[in-house]
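There are 2 protein chains.
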Amino acid sequence: MSVITIVGAGMMGSAMSVPAADNGHEVRLVGTPLDGEIIKRLKEDGYHITLKRNLPKSVTYYSVDELDRALDGVELVIGGVSSFGVEWFGSEVLQKIPRGVPVLSITKGLYAEEDGTLVAFPDYLTRFEGGREHSFNAVGGPCISFEIADRIHTFVAFCGHDMNVLKTLKEMLSTEYYHINLTTDVMGLETAVAMKNAYALGVSLAIGMGEKERGEGCAEKYNPQAALFAQSVREMKRLLKLAGGNSDEILYGAGDLYVTIYGGRTRRLGILLGRGLTFPAAKEQLSGVTLESVAVTKAVIGAVMEQEKRGKAKLSDYPLLSHIYDMLIEKTTVNIPWKDFEEEK
Amino acid sequence: MSVITIVGAGMMGSAMSVPAADNGHEVRLVGTPLDGEIIKRLKEDGYHITLKRNLPKSVTYYSVDELDRALDGVELVIGGVSSFGVEWFGSEVLQKIPRGVPVLSITKGLYAEEDGTLVAFPDYLTRFEGGREHSFNAVGGPCISFEIADRIHTFVAFCGHDMNVLKTLKEMLSTEYYHINLTTDVMGLETAVAMKNAYALGVSLAIGMGEKERGEGCAEKYNPQAALFAQSVREMKRLLKLAGGNSDEILYGAGDLYVTIYGGRTRRLGILLGRGLTFPAAKEQLSGVTLESVAVTKAVIGAVMEQEKRGKAKLSDYPLLSHIYDMLIEKTTVNIPWKDFEEEK
Chain A
1 MSVITIVGAG MMGSAMSVPA ADNGHEVRLV GTPLDGEIIK RLKEDGYHIT
51 LKRNLPKSVT YYSVDELDRA LDGVELVIGG VSSFGVEWFG SEVLQKIPRG
101 VPVLSITKGL YAEEDGTLVA FPDYLTRFEG GREHSFNAVG GPCISFEIAD
151 RIHTFVAFCG HDMNVLKTLK EMLSTEYYHI NLTTDVMGLE TAVAMKNAYA
201 LGVSLAIGMG EKERGEGCAE KYNPQAALFA QSVREMKRLL KLAGGNSDEI
251 LYGAGDLYVT IYGGRTRRLG ILLGRGLTFP AAKEQLSGVT LESVAVTKAV
301 IGAVMEQEKR GKAKLSDYPL LSHIYDMLIE KTTVNIPWKD FEEEK
Chain B
1 MSVITIVGAG MMGSAMSVPA ADNGHEVRLV GTPLDGEIIK RLKEDGYHIT
51 LKRNLPKSVT YYSVDELDRA LDGVELVIGG VSSFGVEWFG SEVLQKIPRG
101 VPVLSITKGL YAEEDGTLVA FPDYLTRFEG GREHSFNAVG GPCISFEIAD
151 RIHTFVAFCG HDMNVLKTLK EMLSTEYYHI NLTTDVMGLE TAVAMKNAYA
201 LGVSLAIGMG EKERGEGCAE KYNPQAALFA QSVREMKRLL KLAGGNSDEI
251 LYGAGDLYVT IYGGRTRRLG ILLGRGLTFP AAKEQLSGVT LESVAVTKAV
301 IGAVMEQEKR GKAKLSDYPL LSHIYDMLIE KTTVNIPWKD FEEEK
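Which chain is which? The protein sequence lines are A and B, in order. For what it's worth, the numbering used here labels the leading residue of the first sequence as 1, then goes sequentially. For what it's worth, the numbering used here labels the leading residue of the second sequence as 1, then goes sequentially.
Pulled out of the complex, with its shape left as it was, chain A reads as follows (with noise of 0.2 angstroms):
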């Protein structure tokens, strides 16, 4: 029995308190400065407001006031932070962490440096301060967290640069019902995690695109999806190489993205969009969600911007991502460029 420490209390890092108690830890649950109403009713009676279950019954919640106490005995600490909450978790939490004590992060992005070299989260946050004395690890793979947290089936990967941490850590967490693939291959995984939001939304484009021809609700083609499907695993597997991953890796992206489709918000925004909207149109029937997707899709072609003009990465080989990017970051509306996918080789 280890004390695992969760540092964010939304609804992955949340769920990842199920695997971790039913392995007989002891899970301490920490809310950031934004989980203040959920860490609250958890203290009361233990049912997360928005993941809408009850967490297992030996789990205890902090406050982020409470940190402190909460990393006292530390043997594994969980970054349940967001990316957009990174920043905040590598300047506040890292260096209050034990020497030593390795991290596992459920944070994905990638981080554009300014020549375009793209940086994964976990390597990312060894710049912080304290932050060359922790083995960072990550989790990938498809996962929605309702399902984890009802024990349902699930096949994620554990990446590090560090086999014999990521085996204790796949020994402190695998259940009969939470699965483990091992990978030190940091960026072919985290380029997958990254941009599975993202591709989500090209392939969700589709439905939209349906409904406006044939009514709302209208029954799905599969074509269309499957088109943008293809196309979608045929970029992240390009990136996957501009990001220095092996694309070996591109089996987590297919399944990331498998899984991501029928996630939630990601495929609402889609919907919207591929209906014609705007995207300030689309954000305002959406009130209020953050979108991932829009920050690392902005990085991500940015970067490919970047290595073009350095002979080494061409922007016509992200034709789909390019389109992404046109709606997301230029507001026009959707306009699948169909014929730019066409290849003969």
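Because the hints were derived from the structure by calculation, they are not lab data. A few of these clues could be false.
Since the list gives no way to pick out one identical chain from another, each pair is judged satisfied if it fits inside one copy or across any two copies.
Claimed, not checked - Cut-off 27 angstroms, straight-line C-alpha distance, at most; resulting in silico cross-link-like pairs (DSSO-like, lysine-lysine):
#, residue 1, residue 2
1, Lys52, Lys212
2, Lys241, Lys345
3, Lys167, Lys314
4, Lys314, Lys170
5, Lys167, Lys339
6, Lys170, Lys339
7, Lys345, Lys170
8, Lys345, Lys167
9, Lys57, Lys40
10, Lys40, Lys96
11, Lys314, Lys345
12, Lys309, Lys345
13, Lys298, Lys312
14, Lys339, Lys212
15, Lys52, Lys40
16, Lys339, Lys312
17, Lys43, Lys96
For clarity, every value in this text was computed on a predicted model and none was experimentally measured.
Model the placement of chain B on the given structure of chain A, informed by the hints.
Structure of chain B alone, referenced to chain A:
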């Protein structure tokens, strides 16, 4: 304008008449000995009884005994038979096709040599009498026949050994909704095409397994489907390599798999097996449908075992396909080997 003769009036062969006719070609649709009822009705009023749609007015119809006339002056033959019709096509049709006329085949399947070498059907066809006198090409990629017939955006790939022939075929059949990639990687594309049914069955198991736990018609859970999807992509990628294809073509496999999961018979079989039925019991409920996945699973697992003897493959690299084999051939009930999917690398 060219004369295009489609041999085989099943759903996919017949649906190909739509982009062909939209390009202004003279399209002749010929039934096989099994398509008597279909051709009879088509001759009456142009309604296709299994595709449940009217075909374009310009298409003309021929029964099997009118084959010679249908091939008179033909410039492209589309082979529209299922894998069960390949022997008939090879032995009865091929020698009647005028020398030098290219063939584009929609047949999917892999043929296994005694030593475990896998052969794609376009290459298999060259072995029949007259087979050396044609350029054989094939269609792959995600495509539901109903949607092609409805002129819904569809992205396929044509493969063959001669890029110039492929370019001509693309020019003949491409429309604003029918998008075509070209590749000379015949084994790469055809392996993906052949395996999609088997693996779509594998992914659909998760739906039936969920229904067994939570009741028929319950809301689908996506983590297990995505886990099986990722494992399918992983195994298909290995098979592509084993078959001598370029694993870049995995994107067709992923797209094909995506569309096939929603595509009908295979999904229904997977759901029934997932609920815990044996294959004979499931087959009874699906009365009379032909199941290409059984044949291809048997051929491919046989080929892998044969190559394992020669030290060129490992059956343990294909735990999902092996389990599908056990269910279909050995008549065992579902029991996903989750732990065999785990990897550390």
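To see whether the hints hold, each was checked on the structure:
1. Taking the shortest Cα distances, Lys52 and Lys212 sit within 27 angstroms of each other only across copies (24 angstroms), while inside one copy they are farther apart (33 angstroms).
2. For the homomeric pair Lys241 and Lys345, the shortest alpha-carbon distances inside one copy (19 angstroms) and between copies (18 angstroms) are both at most 27 angstroms.
3. Taking the shortest alpha-carbon separations for Lys167 and Lys314, only the inter-copy value of 25 angstroms comes in at or below 27 angstroms, while the best intra-copy value is 38 angstroms.
4. Taking the shortest Cα distances, Lys314 and Lys170 sit within 27 angstroms of each other only across copies (26 angstroms), while inside one copy they are farther apart (38 angstroms).
5. Only between protomers do Lys167 and Lys339 lie at most 27 angstroms apart by alpha-carbon distance; the minimum there is 15 angstroms, versus 46 angstroms within a single protomer.
6. In this assembly of identical chains, Lys170 and Lys339 lie within 27 angstroms of each other by CA distance solely across copies; the values are 13 angstroms between and 45 angstroms within a copy.
7. Taking the shortest alpha-carbon separations for Lys345 and Lys170, only the inter-copy value of 13 angstroms comes in at or below 27 angstroms, while the best intra-copy value is 42 angstroms.
8. Proximity of Lys345 to Lys167 under the C-alpha cut-off of 27 angstroms is restricted to the inter-copy arrangement: shortest distance 11 angstroms between copies versus 41 angstroms within a copy.
9. Taking the shortest alpha-carbon separations for Lys57 and Lys40, only the intra-copy value of 16 angstroms comes in at or below 27 angstroms, while the best inter-copy value is 68 angstroms.
10. For the homomeric pair Lys40 and Lys96, the shortest alpha-carbon distance inside one copy (23 angstroms) is at most 27 angstroms, but the shortest distance between copies (79 angstroms) is not.
11. In the homo-oligomer, the alpha carbons of Lys314 and Lys345 lie at most 27 angstroms apart inside one protomer (17 angstroms), although the nearest pairing across protomers, at 31 angstroms, exceeds that limit.
12. For the identical chains of this complex, Lys309 and Lys345 are intra-copy neighbours only, at 25 angstroms inside a copy versus 34 angstroms across copies, given an alpha-carbon limit of 27 angstroms.
13. When the C-alpha separation of Lys298 and Lys312 is checked against a cutoff of 27 angstroms, the pair qualifies only within one copy, where the shortest distance is 18 angstroms, while the shortest distance between copies is 44 angstroms.
14. For the identical chains of this complex, Lys339 and Lys212 are intra-copy neighbours only, at 21 angstroms inside a copy versus 44 angstroms across copies, given an alpha-carbon limit of 27 angstroms.
15. In this assembly of identical chains, the alpha carbons of Lys52 and Lys40 lie at most 27 angstroms apart only when taken from the same copy (14 angstroms versus 58 angstroms across copies).
16. In the homo-oligomer, the alpha carbons of Lys339 and Lys312 lie at most 27 angstroms apart inside one protomer (24 angstroms), although the nearest pairing across protomers, at 40 angstroms, exceeds that limit.
17. Only within a single protomer do Lys43 and Lys96 lie at most 27 angstroms apart by alpha-carbon distance; the minimum there is 23 angstroms, versus 80 angstroms between protomers.
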